[in-house]
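Please model the entire structure based on the sequences and the hints provided.
There are 2 protein chains.
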Amino acid sequence: MTRWTLPPGDIPSAWFNVAPHLPSPLQPPLHPATRDPLGPDDLAPLFPAAVIEQEMTQAPWIDVPGEVLDVLRLWRPTPLVRATGLEQALGTRARIYFKDESGSPAGSHKPNTAVAQAFYNAREGIRRLTTETGAGQWGAALAFACAQFDLKCMVYMVRASFEQKPYRRILMETWGGSVVPSPVDQPDHPGSLGTAISDAVRDAAGRDDTHYALGSVLNHVLLHQTLIGLEARQQLSLAGETLPDVVIAPCGGGSNLGGLSLPFVPDAGVRLVAVEPLSCPTLTQGRFDYDFGDTAGYTPLLPMYTLGHDFVPPSIHAGGLRYHGDSPLISALVRDGRMEAVAYPQGKVFEAAVQFARIEGRVAAPEAAHAIRAVIDEALAAEETGDEKVILFNYCGHGLLDLSAYDAYLQGQLPDERG
Amino acid sequence: MTRWTLPPGDIPSAWFNVAPHLPSPLQPPLHPATRDPLGPDDLAPLFPAAVIEQEMTQAPWIDVPGEVLDVLRLWRPTPLVRATGLEQALGTRARIYFKDESGSPAGSHKPNTAVAQAFYNAREGIRRLTTETGAGQWGAALAFACAQFDLKCMVYMVRASFEQKPYRRILMETWGGSVVPSPVDQPDHPGSLGTAISDAVRDAAGRDDTHYALGSVLNHVLLHQTLIGLEARQQLSLAGETLPDVVIAPCGGGSNLGGLSLPFVPDAGVRLVAVEPLSCPTLTQGRFDYDFGDTAGYTPLLPMYTLGHDFVPPSIHAGGLRYHGDSPLISALVRDGRMEAVAYPQGKVFEAAVQFARIEGRVAAPEAAHAIRAVIDEALAAEETGDEKVILFNYCGHGLLDLSAYDAYLQGQLPDERG
Numbered sequence: 001m002t003r004w005t006l007p008p009g010d011i012p013s014a015w016f017n018v019a020p021h022l023p024s025p026l027q028p029p030l031h032p033a034t035r036d037p038l039g040p041d042d043l044a045p046l047f048p049a050a051v052i053e054q055e056m057t058q059a060p061w062i063d064v065p066g067e068v069l070d071v072l073r074l075w076r077p078t079p080l081v082r083a084t085g086l087e088q089a090l091g092t093r094a095r096i097y098f099k100d101e102s103g104s105p106a107g108s109h110k111p112n113t114a115v116a117q118a119f120y121n122a123r124e125g126i127r128r129l130t131t132e133t134g135a136g137q138w139g140a141a142l143a144f145a146c147a148q149f150d151l152k153c154m155v156y157m158v159r160a161s162f163e164q165k166p167y168r169r170i171l172m173e174t175w176g177g178s179v180v181p182s183p184v185d186q187p188d189h190p191g192s193l194g195t196a197i198s199d200a201v202r203d204a205a206g207r208d209d210t211h212y213a214l215g216s217v218l219n220h221v222l223l224h225q226t227l228i229g230l231e232a233r234q235q236l237s238l239a240g241e242t243l244p245d246v247v248i249a250p251c252g253g254g255s256n257l258g259g260l261s262l263p264f265v266p267d268a269g270v271r272l273v274a275v276e277p278l279s280c281p282t283l284t285q286g287r288f289d290y291d292f293g294d295t296a297g298y299t300p301l302l303p304m305y306t307l308g309h310d311f312v313p314p315s316i317h318a319g320g321l322r323y324h325g326d327s328p329l330i331s332a333l334v335r336d337g338r339m340e341a342v343a344y345p346q347g348k349v350f351e352a353a354v355q356f357a358r359i360e361g362r363v364a365a366p367e368a369a370h371a372i373r374a375v376i377d378e379a380l381a382a383e384e385t386g387d388e389k390v391i392l393f394n395y396c397g398h399g400l401l402d403l404s405a406y407d408a409y410l411q412g413q414l415p416d417e418r419g
Numbered sequence: 001m002t003r004w005t006l007p008p009g010d011i012p013s014a015w016f017n018v019a020p021h022l023p024s025p026l027q028p029p030l031h032p033a034t035r036d037p038l039g040p041d042d043l044a045p046l047f048p049a050a051v052i053e054q055e056m057t058q059a060p061w062i063d064v065p066g067e068v069l070d071v072l073r074l075w076r077p078t079p080l081v082r083a084t085g086l087e088q089a090l091g092t093r094a095r096i097y098f099k100d101e102s103g104s105p106a107g108s109h110k111p112n113t114a115v116a117q118a119f120y121n122a123r124e125g126i127r128r129l130t131t132e133t134g135a136g137q138w139g140a141a142l143a144f145a146c147a148q149f150d151l152k153c154m155v156y157m158v159r160a161s162f163e164q165k166p167y168r169r170i171l172m173e174t175w176g177g178s179v180v181p182s183p184v185d186q187p188d189h190p191g192s193l194g195t196a197i198s199d200a201v202r203d204a205a206g207r208d209d210t211h212y213a214l215g216s217v218l219n220h221v222l223l224h225q226t227l228i229g230l231e232a233r234q235q236l237s238l239a240g241e242t243l244p245d246v247v248i249a250p251c252g253g254g255s256n257l258g259g260l261s262l263p264f265v266p267d268a269g270v271r272l273v274a275v276e277p278l279s280c281p282t283l284t285q286g287r288f289d290y291d292f293g294d295t296a297g298y299t300p301l302l303p304m305y306t307l308g309h310d311f312v313p314p315s316i317h318a319g320g321l322r323y324h325g326d327s328p329l330i331s332a333l334v335r336d337g338r339m340e341a342v343a344y345p346q347g348k349v350f351e352a353a354v355q356f357a358r359i360e361g362r363v364a365a366p367e368a369a370h371a372i373r374a375v376i377d378e379a380l381a382a383e384e385t386g387d388e389k390v391i392l393f394n395y396c397g398h399g400l401l402d403l404s405a406y407d408a409y410l411q412g413q414l415p416d417e418r419g
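Protein sequences appear in the order of chains F and W.
All letters in the first sequence, in the order written, are residues 1 to 419 by the numbering used here.
All letters in the second sequence, in the order written, are residues 1 to 419 by the numbering used here.
Note that these hints are calculated values from the structure, not bench results.
Using N, Cα and C, we set each Cβ at its ideal position, and we do this for glycine too.
Among the hints, erroneous ones may be present.
[What the hints assert, rightly or not] Derived BS3-like pairs (lysine-lysine); straight-line CA-CA distance at most 27 Å: (1) W:K165 to F:K165; (2) F:K152 to W:K348; (3) W:K152 to F:K348; (4) F:K165 to F:K348.
[Unchecked claim] Some, not all, of what chain W presents toward chain F, calculated at C-beta under 8 Å: (5) P105; (6) G107; (7) E173; (8) T174; (9) V354.
Written as structure tokens, this is what we have:
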């Protein structure tokens, strides 16, 4: 194991915009009622002007405000780690690196965009943000960020998680956030990300002092996450590597995958791989189409791979990555052949997570464990062909608040879904 | 906020032994039956020879084996962080630094000694280690360390925690450890650290392939933790400071306090402060005497501050730091006036923890929160006298597996103990 750190002054000073580098231009989002292409004014009730601009710009680089950097320095730059223990255990000549995003206050990559969004909203005089959360990774990140900029934070949490997973609720409340179960008007409904987005958007649209913040999917969210890939590039160079052969990351809405991989889109020789759960196989089994981001149809229609906006993953599924749709940027890269996608059943994912924990010490979030599964298989496959591959993956969060899923796996209660 | 990191190659290569620097020589431990001073042979059934040597040596420096450094590099050197947000919120001219030990796989400083102990035992051909754990911080650290050296790990966990706090049990099992509730022979007893030590020592004494590992109190444990203070010294110098004016750390058995503060014992101008909970006030209200380390009286008699080996802290107490005794090294420093001790009620401790979380983002372990409370009060007191103090404290672990205590505090169910 070796780590490459960078001093706090070395956070990249600009985000990387992949828009000018796409194989084909992104299709615009459409108004949910008229189905006309969306303009900036349509988004103004929900988002600050700077974020709307970032959502649509073709500018290649966007400066990171100093106030955002000041907060990111609480944990960034994050380390790049070489998983030499895993390499030895696999008997592979592949060199396996991961970007460790688990050291943020919220324990995942999510605060990278939460901080930026909270800053832009506070600067525009907004006093309160609403959002949705599933297991709580994103809600916790936003609650943390809101505390940094003196904003109130209202989190609509999928009811099943709210009732079964109190720890991330407490975390959000410790940072001063308010958390309510969703859907708010159907107390018997277990909820889904789609219902929680509907609740959060409706709340924000109805109050002048309130905006809405989304933790994945949209272009500006992936933009804010590109610090991950930009830092990784710099650190790989410190480690003596030129470019990775393969970049691997888990994919739910696409933000951690985009964050690590988008800065490598212009490097034609670098393979980009999205890993998703077989129980929510958006990229591998969904269709590419315009669809709503939420269940109730309040959001714009986005051009993306989707399983249908009324899709609910089977309750047996323990991890995150449960979203019915996917980032339009990621969807376009997959459709145009610039990015690959694979899906794994959760039993195989947790098998890899436990192997990684015993070798490398770190207990991965279920999301990150999807990447670890794919990395192990990629390394073993490279060994068969004799390739000396450089593999880079996103360790997007720790699993310390997901231990009940590990318990279920260790007790044999987490069977593989059908393939 | 600013952080000072060191490259993985800069872990100190030797541990600092405080024994030659004590104001008066340490009294020897006594045999529990004969009350004669203990010799190395008395400890051989429980500990490897290298550890017994370290327990008794006067050598000023002890080399850290390369195999131990290799594992420590998974997360060490740990960052030194300046809490500028807290300084501003307090309006103090004090400069507040903390050593962040929360980034280890187990989330605390405990693996620093767990790794060393697992290594020495494995090198001697031991195949299995037993230990006790309360809330699970130490048991998790040892389970992680055993996985690194292919040792079996058997953890006797205080029954009340085993039943009420499943997360750290799952963490230990994820690393391959076995966990059973203690006391093993009294299924209705809620258990204590004292009963769990009795169970673990009895198990180890009865099997040739098995040794026992203790997570605090003993000299070799504090020795292994001195990397914390040695790194902090180096990093303070990078930050432009000469020496801290005050070093503050929480104290249960004394290992994180010793780890940070012992390397500063020879610096006469540096104040050293132990912070303990008012509900388990060993240093502030205990007596200095020989006492057993466990409830059943299997362990040697140690010269230390103690509340009596049958002491059980009130069940209302939410945090760690529940041990009836204290490290003989720490006890001697307090008795001889080289170290101060203060005690706080838990309501005041969690008030400081929530303030710290909202300002600095980090959710502290209840143990670390004791230090934060004392740091805030120290900074405010310095402000009244106009001193520009440099305060260094040990952020010895995160509280992500202690969120139920935060919940109790936020719900108003964590009243102060009587003063």
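Now for the hints, and whether the structure bears them out:
1. Restraint check for W:K165 and F:K165: the C-alpha separation of about 13 Å stays at or below 27 Å, so the hint holds.
2. Between F:K152 and W:K348 the alpha-carbon distance is near 25 Å, which keeps this suggested pair within the 27 Å criterion.
3. Among the hinted pairs, W:K152 with F:K348 is consistent with the structure: their alpha-carbon atoms are about 25 Å apart, no more than 27 Å.
4. Of the supplied pair hints, the one linking F:K165 and F:K348 holds, its CA atoms being roughly 23 Å apart against a limit of 27 Å.
5. Hint on W:P105 holds. Least Cβ distance to chain F is approximately 4 Å, under the 8 Å limit.
6. Contact between W:G107 and chain F, as hinted, is supported at the beta carbon level, the nearest pair being about 7 Å apart and thus within 8 Å.
7. For W:E173, the interface hint holds, the least distance from its beta-carbon to any beta-carbon of chain F being 6 Å, beneath 8 Å.
8. The restraint placing W:T174 at the interface with chain F holds, with a minimum CB-CB distance near 5 Å, inside the 8 Å limit.
9. Annotation: W:V354 was flagged as interfacial toward chain F, and the flag holds, the nearest CB pair being 6 Å apart, inside 8 Å.
Hint compliance for this structure: every hint is met.
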